[in-house]
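Engineer: One-letter residues, chain by chain:
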Amino acid sequence: MISIQKGEDLITITLQNILSYRKNDEDFINLVLNWNKKVLIELEGFYPVEVIFDHDEIRFKINDFDKKINLKVKMGIYTFLDLAYGRLNPIKAVLKRKLKIKGLLKIGTLLKFMKIFLKTMKMVASDPNNNYYEFNKETR
Amino acid sequence: MTETKDRNIYKKISKEDVLKKLTEIFEEKNVTNKSGDLYPYSYDMTECEPHMPDFIVIPENTLQLIELVKFCNSNLIPIVPYISGNNVGGLTIPENGGILVNFGKKMNKILHVDDNMMYALLEPGVTFGQLKKYLDENYPHLRYSYPFAPPYAGVVGNVLLSGMNNLSCKIGSMGDSINGLEVITADGEIARIGSCFYGKDEAPPDSWWCRYPMPDLMGVFINWQGMTGLVTKCAVQLWFNPPIKKTYLAIVFGLTDVAQVMREVGRTDIIDDISAVSIEVIKMAVELPIPTKFSGEPDFASMFSISAKTKNQFNAKEEILFNEVENLNKQGKNVILVNADEFVKLFNLRVRCYLDLPSVVLPLVEYSGLTWFGSYAPSHKLEELIEKVNKLFNKHNITPFIYMKMMKSGHYAIFRPIMRYNKFKEGEEERYHMLLEEITDVCIDLGCIPYKTPAWMTEKMRKKINPGWINLFEKIKKCMDPNNIFNPGRWNT
Amino acid sequence: MLNIEFPDDLISLSLYNIFSSRKDERKFIKHAKDWNKKIMLHIEPFYPVTVIFNGSNIRFERKEYPEPDMKVKLHINTMLDIANDRLNPFFAIEEGKMIIEGLGEDSEKIMRFYNIFVVSMQMAAQEPNVNYYEINKNTR
Amino acid sequence: MTVIKQRNIFEKISKDNVYSKLLEIFGSDYVTNKDVDLYPYSQDMTENKPHMPDFIVIPESKEQLIELVKFCNEYSIPIVPYTTGNNVGGLTIPDYGGIVVDFGKKMNKILHIDDNMMYALLEPGVTFGQLKKHLEENYPHLRYSYPNAPPYSGVVGNALLSGMTNLGAKIGSMADSINGLEVITVDGNLARIGSCFYGKDKAEDDSWWCRYPMPDLLGLFLNFQGMTGLVTKCAVQLWLKEPIEKPQLVVFFGLTDLAPFLREVGRADIVNDVAAFSVEVAKMEVGIPEPVRYPGEPHYTAVMPMAAKTENQMNAKLEILSNIIEKLNKKGTDIHLIDYNEFAKIFNLKALNIYNLPSQILSLHEYSGLTWFGAYAPTHKFEELIEKTDAIYRKHGVPPFNYLKIMKGGHYGIFRPIFRFKKFTDQDKIVKLLEEIADVCIDLGCIPYKTPSWLTAKLRKKINPGWISLFEKIKHCMDPNNIFNPGRWNT
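Chains as they are written, first to last, in numbering that gives the first Met the number 0: chain A, 0 to 139; chain B, 0 to 492; chain C, 0 to 139; chain D, 0 to 490.
By construction, these hints were calculated from the structure, which means they are not laboratory data.
Heads up, a few of these hints could be off.
Calculated pairs, DMTMM-like style, for lysine to aspartate or glutamate (alpha carbon to alpha carbon, straight line, at most 25 Å) [said to hold, decoys possible]:
1) B/Lys244 to D/Glu263
2) B/Lys199 to D/Asp338
3) D/Lys201 to B/Asp444
4) D/Lys457 to B/Glu188
5) D/Lys69 to B/Glu473
6) D/Lys329 to B/Asp114
7) B/Lys244 to A/Asp24
8) C/Lys96 to D/Asp338
9) D/Lys460 to B/Asp200
10) A/Lys97 to B/Glu473
11) B/Lys308 to D/Glu241
12) B/Lys459 to D/Asp200
13) C/Lys62 to D/Glu296
Sample of chain B residues lacking proximity to chain A, with all beta carbon distances greater than 10 Å (derived) [unchecked claim]:
14) Leu110
15) Thr309
16) Asn347
Interface residues of chain A toward chain B, partial, derived using beta-carbon atoms under 10 Å [claimed, not checked]:
17) Leu9
18) Gln15
19) Phe45
20) Ile61
21) Met120
22) Ala124
Each residue gets a CB set at the ideal place from its N, CA and C atoms; glycine is no exception.
Could you put the whole structure together from the sequences, leaning on the hints where they help?
Structural biologist: Take a look at the structure:
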């Protein structure tokens, strides 16, 4: 079981929403547990958010980031959506410089991040049941 | 805030005799005077002064109501129409007591849907949820337009009070989409207004298709908040329901940039509905206790809903929208346009409560208090409105919730600051009301015209309205309701 | 100088309109005068009209003649395509969009027909100066 | 036909005293009581009974009119508003005499065009030609909507009486496009109605942008034919002029093929307007003196203004249009679509008269008489209306001149038989025909607009009593001495 900090700004809320989707899923927990890395995600036009994987916790920061960041990821909102909705393959995105990554050499970290984040994001996007009606039954 | 001047309404007849008459008209089970039953009708979510009604009656036909009106008119007893009490303006608080007529319970039938001429003939109690369900099941190719309100809110009330809906950018004020009314006037006479006006007694259900071209008597009942008579039937226009629908989300940086974005996109005349909300409103939907805007976050999010009959028509409209946004960015605006469905799914599905109307915005209604300044606004003043109102919110350090719309292809706009608060927290209501009054003054000075107006607001307006209008208003009110029995107190009557 | 009878049905009126714009033009007169032929023109979805060239007169009859010298059949939209140069008349014949009977090998007949009908309708369609304001000055 | 019961309007004050009062208010150059001047105001092109006014006045300010109304109310003298007298319903014939107020001469200014909120603030005398010219020269990106009427007819009158325009299929009745009014009521009270209602004595030019959401007092002056007060200013909505225009012509070979087409194209919401005419009208257009329809000619032709922002949008609309026609023809109609500009150039440029509005259809006005039954109509009754009126036309040996429209995205229709006639020879014949047609149409639910009083007399027999007494109540409240255009709606 992974605990994920509640987001309070647009981007963090989004990241939290995505990551929470799998927080009870075995594979996800195995990936994240004790990964202990810091990833800086920036959506161009918005602002960077630091995602801190700390033992069984995921936390976020939107300012005074840590000195040591393991991975920096930068992309535009359209790339973000294209990746989520499977219109763009991450490798191509990197080659086309649509997905800019600092720390490319740490292949291990990168692949793990992709498994943790991109894969989850696609799952959220493609989940058919994951719609408002299911979600807010009580309010309809 | 204006004190409601209490008047003794039982000079001519005793309360007991009134009760006797009411039970005679409506039967015992449809009449009550027990304070336990009356209490919920004595207030709404706003800060407007509560006041107990003396009786609640549940009518089921016009004959009962004719009898009631005649009785009340000869005994000077107030009549207050009520559907579901969801208005945000104290509109059904019986300021002088009297009889509250609850249409919601029994007079809530969908009498006819005209497939060809696209209208629905409704009793006053019909709700949005009910109408939507009925159309989806029986006339999927037709649609009504839905407001930013709960599904259990009333259709007819919203229409008669020029409410908003999610086709506003296409069709404008609901006042323009009423085809006909059946009303009971003070003398207990029943009149059918609109194209349904032929026929001595009943009108055929297929005759409720237009408001014009005969002398427009309907105006006498539109936006009058029940002050001129009791509406017992209302025909509203429906629209063809196009197969293709998509909503775009424009994320706008810069406090006032959203104004020009709405104006320009509104004029393109390709959008069904344009609404814009402060970023805080979006975050509220995610159920953050006190949503605040962080630097780097955009100031407003604007929703554009597009519909089309064919793929080509949709693409053509999409192209026009893209070009428009591109132009705006060329002019130095900072607008990011994304597919709302895609974005919201990743962001947080709760935000769909702004896309799938009617809907309950839990974080908005879960508070004990809710109030607003809802107004029609001159679109060239939006920048100034946003800036000044934003300042006021900050001054009182209350989270700014601003909701705007572009109406009828850009012919006018809607400006609507909203506030939720805790009624029972000491001093809270006063604090919010002070802000609301300041906002009201600023907006009215800039030419905003509030709708669904509480009495304290109409009093401010009366000071600004030209005397000729006031005279005419009083003249018609007196002509229609000489004894002031119809929802007295509204517009300070 | 030719005189063209003023007809009172839709199609003849159109032909009248087309011809009269050229009725004083030498080239047109040369072809139309003394042609003495009956040309049956059927513009679909309308009805057949027979144009009768007789000396210096042109008349219209709203009916099929027993044996006209020529039968021409085409759809109104084909006619407009030809008139506005979107369709080459000869391709129109090839593609069966314009059906002509009785053209034979008589090259003079072809020349006359082409000039009187096709050229005239093209001139009418493309004449820039003839616009409604010129014609209806008095009513504006 | 109803006969108008006369009343002596100079009981309380002598005609001479009225005259001197009028001179005092308007100045001698702008008041007349000479028969030669009065005569043209005593009649219009219709069959409605002529009646001489007693005075014509030409106002130039509301102050004058306030004084006039107070005076007339005190002495119960009728006031009849007049702009250009082009209505086809005897609406400005002073049934009881009195004073005709001619707005057309001096109160005819375009006071303000609001580029952003897209409206025009007008005095009652502004004409369509004038407004169109002003927009084309100063605001080429904006447009108004124009009726099938001469350029010299009045904009405000048409808007206040729910007239037709060439945006009808898109925006519906003109009543829905009025943003605000300035009116003088019977007590000489000057009221500003609509979003312009703020401001004690004057409203800002940029404040005339909406009719709602305050209590709707505007209705009191819509379709009342001047019976409730004098309108002195009116704001009407304008629309963005779309760069691409491709009018289409549709021809209908089956007598009633037009009906389902109007319904379908209406709800498809792709055309600005549909102006459908009997083919006889199209032939009259190009100057056939006594047009008749020949076998093989279509029964109806429709001209449809279509506009778009981009080529793609236009093509998308045309695609939808041809799909509709294809679908209908599969069901047995015989309908064909033709590019109108191209066709007109081949056929006869005069035909563009029907498209380039406002315009004067000479052949319609060259006769001494012109009348009609113009009505809002239930679209599911179109077939029946066409068939029954067609039969009546034949019975009377008159060529059918019908004019149909679809309104506001298909929500309702317009059915309008028109008659031109020689006043002095065949008026009686035409009136008989007109009455028969009126009866049939009203029975089928049609609601006439710009109604002459003989027609409202028929309506009153069918309208529910509640409506009538509410109408009387309002009329009495607004005009207790019945001075405002008395006789309209049989008041």
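Engineer: Each hint should be assessed against the structure and marked as holding or not.
Structural biologist: Now for the hints, and whether the structure bears them out:
1. B/Lys244 to D/Glu263: 20 Å, holds
2. B/Lys199 to D/Asp338: 48 Å, violated
3. D/Lys201 to B/Asp444: With a Cα-Cα distance of about 15 Å, the restraint between D/Lys201 and B/Asp444 holds, given a limit of 25 Å.
4. D/Lys457 to B/Glu188: Holds, at roughly 23 Å.
5. D/Lys69 to B/Glu473: Between D/Lys69 and B/Glu473 the Cα gap is close to 20 Å, so the pair holds against 25 Å.
6. D/Lys329 to B/Asp114: Distance of about 22 Å is within 25 Å: holds.
7. B/Lys244 to A/Asp24: 35 Å, violated
8. C/Lys96 to D/Asp338: 18 Å, holds
9. D/Lys460 to B/Asp200: 13 Å, holds
10. A/Lys97 to B/Glu473: 67 Å, violated
11. B/Lys308 to D/Glu241: 20 Å, holds
12. B/Lys459 to D/Asp200: 17 Å, holds
13. C/Lys62 to D/Glu296: 12 Å, holds
14. Leu110: 25 Å, holds
15. Thr309: 23 Å, holds
16. Asn347: 5 Å, violated
17. Leu9: Check passed: Cβ of A/Leu9 comes within 5 Å of chain B, closer than 10 Å.
18. Gln15: With a minimum Cβ separation of about 9 Å from chain B (threshold 10 Å), the hint on A/Gln15 holds.
19. Phe45: 6 Å, holds
20. Ile61: 6 Å, holds
21. Met120: 7 Å, holds
22. Ala124: 6 Å, holds
Checked against the numbered hints listed earlier, the structure breaks hints 2, 7, 10, 16; every other hint is satisfied.
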